[in-house]
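Visitor: Take a look at the letters that make up each chain.
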Amino acid sequence: DSGVTQTPKHLITATGQRVTLRCSPRSGDLSVYWYQQSLDQGLQFLIQYYNGEERAKGNILERFSAQQFPDLHSELNLSSLELGDSALYFCASSASSDSSYNEQFFGPGTRLTVL
Amino acid sequence: GNSVTQMEGPVTLSEEAFLTINCTYTATGYPSLFWYVQYPGEGLQLLLKATKADDKGSNKGFEATYRKETTSFHLEKGSVQVSDSAVYFCAQSSNYKLTFGKGTLLTVNP
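Protein chains in written order, with this note's numbering: chain S, 747 to 861; chain Z, 3 to 112.
Think of the hints as simulated: they come from the structure by calculation, not from any bench. Take every hint as true, because none was put in to throw you off.
A short, non-exhaustive set of chain S residues, derived as facing chain Z with CB atoms under 7 Å: (1) Gly788; (2) Leu789; (3) Phe791; (4) Gln794; (5) Arg801; (6) Ala802; (7) Gly804; (8) Phe836; (9) Glu849; (10) Phe852; (11) Gly853; (12) Pro854; (13) Gly855.
Here are the computed distance ranges between Cβ atoms for each label pair: (14) Z:Lys58 - S:Ser825: 42 to 52 Å; (15) Z:Glu78 - S:Gly788: 21 to 31 Å; (16) S:Gln787 - Z:Gly43: 15 to 25 Å; (17) Z:Gln47 - S:Thr753: 15 to 25 Å; (18) S:Thr759 - Z:Glu18: 41 to 51 Å; (19) Z:Thr72 - S:Thr859: 35 to 45 Å; (20) Z:Thr22 - S:Ser826: 42 to 52 Å; (21) S:Asn823 - Z:Ala19: 38 to 48 Å; (22) S:Thr759 - Z:Pro12: 27 to 37 Å; (23) Z:Asp56 - S:Ser825: 40 to 50 Å; (24) S:Leu829 - Z:Gly3: 22 to 32 Å; (25) S:Ile758 - Z:Asp56: 43 to 53 Å; (26) Z:Asn4 - S:Glu800: 12 to 22 Å; (27) S:His756 - Z:Ser5: 28 to 38 Å.
Since we're looking at a predicted model, the values are computed, not measured. Backbone N, C-alpha and C define an ideal beta-carbon position, used for all residues, glycine too.
Extracted from the complex, chain S is given alone in its bound form:
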């Protein structure tokens, strides 16, 4: 158990809908990262927050957004869903903002299926 929790575990929805994925980092970790894992694209970095502020952005679509709240939990919002958004979404956390030296701890993931 990494200490990172993600809810829900599975999510099935229809095209055009909007969903929210939730992540609680390990106790004491200030950084939260979101990743998308799909068969064709592999594991892609989406976005990072550090202590409530956006720190780095990766291959995140404009239809997707995220935020980190004062209690440090984070939410990833996916809107106008398309079939291609079906994937496993991971959250990770680390103690600091610099992933060069600090291990990222991954949650178990949320599997999103868009029908």
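Position chain Z against the provided structure of chain S, taking the given hints into account.
Guide: Only chain Z this time, still in chain S's reference frame:
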């Protein structure tokens, strides 16, 4: 941009065989390098890391050496076990994010 290339799988070995999974990277500067492992139905776990050239990361019998001259970070284990069956990801860290390779599925048969 920064990228990571690792050998395509799947890799199937018998128990106690020697394992090598190749990984090379392209980067500006000198990133930190990592191997993560993903067991079935779970998230990724850090297996080992190296933060500078010639560093050797090791854990659970796995080793990888940061080779700046060949921009490589190959994963090795002398004697694999059935419990090592998983997907292995090579990654580099720069600009606050991790860039992963596509992953290599390893299956170890008894």
